[in-house]
Amino acid sequence: MPEVELPIGPQHPALKEPVSFRVLVDGERIVRLDLDVSYNHRGVEKGAEGREFPKALYLIERICGICSHAHATNFAKGVEALMGVTVPPRGQWIRTLVAELERLHSHLLWLGVLAHEIGYNTLFMYTWRDRETIQDLLEEISGNRVNYGMNRLGGVRRDVSDDLRSRALEGLRGLADRAGFYSRIIREEQTLLVRTRGVGRLPRDRAIALGAVGPTARGSGVDFDVRRDDPYVAYGDVPLHVMTSSASDVFGRLEVRVREIEESVRLCTHLLENLPSGDIAAKAPRVAPQGAYVSRYEAPRGELVHYIRTNGTDKADRVSVRTPTLANWLSVVEAIQGRVIADIPVVVAAIDPCLSCTSRTTFVDTGTGDRSAMEWDDLVAYGIRYYREREGLP
Amino acid sequence: MSALVLALYLFVFPGFLFLLGFAWFAEWWDRKLLARLQHRVGPPFLQPFADFVKLLSKENVVTEGVSARLQAALPLVAFAAVATAFLYVPLLGASPFGAPGDLVLVLYLLTLPTILLFVLGWTSRNVFARIGAVRAASQLFVYEVPFFLACLGPALAAETWAVADVVNAQASGLWTFLLQPLGFAVAIVALQAKLERTPFDIPEAETELVAGPLTEITGRKLAIWNLARDIALVTGAALLVALYLGGPTVPGVALEGLAGAAIGFGAFFVKTLLVLAVLAAIRAAVGRIRIDQLVTWGWAVLTPLALAQIAIAIVLRGVGWP
Amino acid sequence: MTKEQREPPERPGVLLPEMARHLFGRPATQRYPAERIPVPKGFRGRIEVSDEHCIGCSKCALVCPTDCIEMVSDERDVAMGARTVHRKKKPIVHLMSCIRCGLCEEACPTDPKAIYLTEAFGGAYERKDVVVG
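Residue numbers (numbering that gives the first Met the number 0), protein chains in the order written: chain A, 0 to 393; chain B, 0 to 321; chain C, 0 to 132.
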């Protein structure tokens, strides 16, 4: 059979969000993969520029549903740093608690999605059923299953009562058993192992060169975690173990995430048992002084970076978001080389792609290094010209 | 048999109407078991029938450049093939259509749908359908040999090519699966691959190929195809029941007259449900493997096991046992 | 060899024991809407406006991140503590834009709150319910 182009996306049952892969295949073997990620671009960065900080916080939170607390906390702590506001310890610890619970629910969700991509729907159902424990817990703490709205500038909005603490600890105990169970399953289930071992190889040096972050990089032996290497909120005060794997393939990423599930359960238990007393929030001013800050956070998918520039008003001057998924896409293109069609959903799912977190548009002239941005009218004209040429219209 | 009874057998019971009901019931049984194993509720009893009716009401879309007649005819031919195959499986006693050598006919008719699936996918002008069709054809070569061998085993033991005679040879209660357990296991796995169910649903891998060869099939055509798939499920299970589990016989019970026929049918029904339950459990228990892994495993494990079982069966026959 | 040293064999169907347990048990599914879903205290449900307590200060509309609160003219005398306030406007909420953050409830100065999140599970089921207040 001659080479054919397989269009995976923007709409495809394998994808939870729109992304476009144009895969050139020879039989089953992949010859080339072209990537196009900007389908979920919503102009959030621009929207954050025109809104006061408390409102922008809620907008930034909704960049992503699964890692919403990551975006909100990252933005909040960046603005607090610029304003010179110190969050009291109880507020920091509650932020950390919700952050780790979010990591738990995100990793369990991912485990189910990976199982579904392989056709292993039973594991998908079981992991999502166990994830409900965390969702109920988050609902009790914050009132919502996603987009928790826990943050305000200066701390958190809701407190954790003692009654809630004891119930949460009980739920976490059950979850610890399940996490151990899944850890055993992934090492023993043969159909899962044959689909993930040796698939999507990403050697350590390539992972670093391509800028991979999070479990994608840690699955290739890169020992980097923002929580340990650049501590924020309460991570400096709690015992944290960073999980890595030397497998450097999809199984390595799977292993890292499952062990992170176990570690997060331990962390949440520690946080709940040792929650300090005191206020949950400090008063934040309305205006932020002139300055710029790079705020980093270990989201479930990897290192999340917010660049915030303020100019003495009550709105941000510029907010730039570099999400972990954006950093991980190149590793997909590399890891899929030489594999077959059946490996595409597995390798793509292994980086835990969150397309809502991805879309950026910047124009860089690689020859001169000049960065530029287009005005809206120019962009519209360019788009019309581009598609006319591509479709062969006059 | 009089023409009227033959017509009733063909169109009402256990022919066309009964087969429709049985196929939908089997699909419900399979989906319900799958759901309960996954800790879910599962569909209500009339769901497969409702799906069929819903699909019949959908718009018939034909891609430009594809022969509409061909695309409409293929599901019908597949349906006809598997429905005809079901007629030769003994339900109450011997089928009135039974003839010496009808096992070969049944196996041939059951192979037809996969070939038709290949043609359907290939002529669909859709890249997903084309790749799915090629996978279906590759898979055909892998499982067909073990499946035929596994069906050969009981025929060897009973020294006949007629399904009804294989059933009668087991009437004493010494069912074939007790003598040839390896063959039974190979038959179950090969049937799962034949029906293209997990872990062998590679041609229609939803997360890779949208719907495989069936990507462009909509409305009435898809309804008929799903019906053909359900009938294939029932026919395959019924065939295994006839060859390995003694068909509609109950050990020690003489099946005479109407009461005997009813008991025989009840036994057959229960045994078929058991086989379907095993197939559903396999579907729930594992994930999908890749086509290259299937080819390797099929030729390295499945076919040698089937051949080994045949060898053992021949030796046993040689020493005159049982 | 102790149990910890022996690596369990790779085999298909590792989940079979758990599957067998669930086959005869109760499904994990919450059968909504046949069964009521219990919501925890503090659940962010549908927003409500209390006509008799609102003094028309517009703080909720100013603080709303999605600008879904619109102040409309509605004159009324409202009791606030020991005083009586003559309000000129009151808020209406467009449910389709409300993100249920609760900032309006926090900003509201009255006691009891004139705008608040309830624990009602549903949203709007008819067109007329899409605007609250």
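One thing to keep in mind: the hints can contain errors.
Quick partial rundown of chain B residues pointing at chain C, CB under 8 Å, derived from the structure [claimed, not checked]:
#1 38
#2 283
#3 284
With a straight-line Cα cutoff of 27 Å, these simulated DSSO-like cross-link-like pairs (lysine-lysine) come out [as the list claims (entries may be wrong)]:
#4 58/C with 45/A
#5 314/A with 58/C
#6 57/B with 15/A
#7 282/A with 112/C
Simulated coverage check for chain A against chain C, where a stretch passes if three residues somewhere in it have a Cβ under 8 Å from a Cβ of chain C [what the hints assert, rightly or not]:
#8 35-49
#9 181-194
These are calculated hints, taken from the structure and not from any lab test.
None of the values given here were measured: they were computed from a predicted structure.
C-beta: ideal position from N, C-alpha, C; glycine also.
(request) Against the structure, test the hints numbered earlier, and report the numbers of the ones violated in rising order. (result) Structure breaks hint 8 only.
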